[in-house]
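Participant: Listed below, chain by chain, are the residues.
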Amino acid sequence: MYKFTRRQTVFAAAAGISGLSGYWLQSDDGVNDDTFRVGSPWTPDVIDPVTNGWLWRRLTVLEPLLTVDYDATVSPGLATDWHMVSDRTWEFTLREGVTFHDGTDVTAETVLPSLTRAFESSSMAAVPVESVEATADRTITIQTAVPFSPLPAHCTRGITCPVSPSAIDSDGSVNEPVGTGPFQFENWEPGSTITATANPDYHGSTAHIETLIYEGITDDQTRRLKLESGELDMARILPNKAADTLASSPDLTAYTYKIPRARYLVFDLDSAPFADRAVRRAVMYAIDRDHIVDSLLNGLGSKAVGPFPSDVTEWAAELEPYEYSPEKARSLLAEAGWETNGDSRIRDGEELSVSIWTYNTRPLLPTIAEVLQTQLQAVGFDVDISVMESSTIKQQATNGEFDTVLWSSSVLWYPDPDRLSDLVHSETATMFSGYENEAVDRHLETARRTADRDERFEQYAAVQRHIQRDLPLGWLTYYANVIGTRADVEGYRPHPVESCYHLEEVTQQR
Amino acid sequence: MTGAELCKRLLTMAIVLLGVSLLTYGLIFVTPGDPARTILTQQMGGQAPSQDAVDQFRADNGLDDPFIVQYARWMGNAVQGDLGQSYYSDRSVSDMIVQRLPNTIALAVASMVVALVIALPAGIASASNPGSRTDYAAQIGSLMGVSMPNFWLGYLLIIVCALRLNLFPVAGAAGPKYLVLPSLTLGSGMAAVIARLVRTAMLDVLDDAYIQAARSKGLRERIIVYKHALRNALVPVVTIIGLQLSYVLNGAVVIEVVFQRPGLGTLLVDAIFARDYPVVQGVTLLIGVIFVLVNFAVDLMYSRLDPRIDLGGEYT
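If you read the sequences in order, they're chains A and B. Each residue of the first sequence is one higher than the one before, counting from 69 in this note's numbering. Each residue of the second sequence is one higher than the one before, counting from 3 in this note's numbering.
Please note that a few of the clues may not be correct.
[Unchecked claim] Among chain B residues calculated to face chain A with C-beta under 10 angstroms, some are: (1) ASP57; (2) SER96; (3) ASP97; (4) ALA108; (5) GLN214; (6) PHE261.
Bear in mind the hints are in silico, worked out from the structure with no lab data behind them. Each residue gets a CB set at the ideal place from its N, CA and C atoms; glycine is no exception.
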């Protein structure tokens, strides 16, 4: 009797489970055939463009006044024309016939509230904008406190993207990104997904994709597995080592392309041993960057000479590279008074021991630090590695002594070489080498005031040569991005500055 | 429980929660990493903010005030039910928690169900026939369950069940089917611990004199095991299930990241990395409240399962 009951129970349970799983497997996630899913590491937690404009811009829900072209230069966006009226005044002429997603016309009046919010926000505190005005129906006039050539480049940033005045609440907050882009906001799950649909009234060519779902997936393995299982049509920022396996699968396509982002060492110029330029030069000669690119980066990316990769942007100056030469490194150290003592070196009884600080949110940095450790030990450095959080490094390096930090950052996140001011200007730099060079400051300030492109290039080239000689920063490698899509995705063109995914150009055959 | 006891109990809970909040606030405060810099960096898509921006942010959010002023301001609002606004997103912390909580509760409940469904039969079978093949199999199984790291098992299940067999989705939280793999991952680890405990507790109870007496009366073994022994063996098991709730919350952090579930775990981790103090504090306080309440519930359950235990915890 009992056995019979148990069998019955097992049978019923099995039937129940299979029935339920059948239901689950068929249950609708709101995904249709014309839905395109893209996954990247950043989870959407905020609607407001002042905080999260870069994400809305990447999805082309919002569009800025000016955009960035595929050659990393400033190009027309919502404004078709922009020019300097006087050395502190800029005029932007808005495109005609553009409407926000809610039907409101894009005019100087309707764009003004968004621009004012953006330039008043703390993220834009370093941009010396004094006033923003609507001076004609389609003319926006921006006054800066000092002559400031990089202004157009800052107008490509997501934070400046206009939203319809109806989207700005009375308390000044934005609760829906009502922009002008080829996709319009539909829905979001904070911390998880954004849904957008094609905007049929777009002023350019309309999107081929009907529905776009963006998923924030922090773990890169999960992103890749979701792409493989068909839950994503595009997975962004995958590990370099994924490129080969993606390329070998008939269902998937791998895109690898260079971006203006560099890995570099920041030296502390205020304390021993790196206060001595010869020691910094010795480090640069001791590093075999080809080996790092081949063995750790899977051959993607390339060794860096200066801040800007010349195959991505035209702002790279001709610089004398530090070629791998352990002998030269050893002789520089010996000349600087660091005598060999067994495996290490000493000077005035002190050992040549240094620490490299780095962080792991950019996955390869700690591994690269280990390679640096081995290569530097070969010429007599005693190297110790600390992996900390990037904000901790920043705080400790800004406020105290350190030896060197292995850091990585975009060198053109707004497409203007004034970015060098963030790295090496003695007063405004956000990097922490403590570099002070009057000539460099003068070049940077002159370049900011100069309108002529060629003259600016000369100024920035001079800055790059100073950095190359003085080595407050030592350039190691440039980045390549790895993006995977399903094989049936067509029309995707990777953008070097990644400010836009341009998914409106993508088609998918199913 | 008398009224006085209840008051005493509530007071202790309040003190514990106050201690938890002071400790976490203090620990985050002394952890290096400046919230202004970290949050602005995030807002600027990963770029370093200028010093002007940092100063403005600090002033806007009262971050220049001394520790005790910041803590007192936060606590003052918290006791009035206002957990503040996230520094990063400007959204209300309570809203963020309310929106994420269901995902974590669903994961916790499903994992606990998975754990019990595996652990109780395995533990009982193992204790009923000590030294048998079933016993060894169950013990080896639970040793594996205890030793396997969560994230590893998670990826394994994804590769086998989602990629090879195509039975379940890899990750997300769009429906019930998204719950299966995460709860199996988290539940199997707990099952291992609970099964071992059920086995030990059952073996203890099965040795007791009253069980011998029941056997000598000729009662059927199944009735002895399920009707007489199990109830008493459940007392320590209930405790461990309560304690396992902490495991669920810890485990949820890893599992939620691997399976990309927007829950409390991911909220907390993101907030810690962002130095988003109000969110870290809000979530920690909530987890503290859950712990205190679970402990209280476990105590109440004791006296239900074994009337000899009173709430003072002494045998009468």
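Participant: None of the hints should be skipped; say for each whether it holds.
Facilitator: Going through the hints against the structure:
| no. | hint | verdict |
| --- | --- | --- |
| 1 | ASP57 | holds (8 angstroms) |
| 2 | SER96 | violated (13 angstroms) |
| 3 | ASP97 | holds (9 angstroms) |
| 4 | ALA108 | violated (14 angstroms) |
| 5 | GLN214 | violated (24 angstroms) |
| 6 | PHE261 | holds (7 angstroms) |
In this structure, the hints that do not hold are numbers 2, 4, 5, in rising order.
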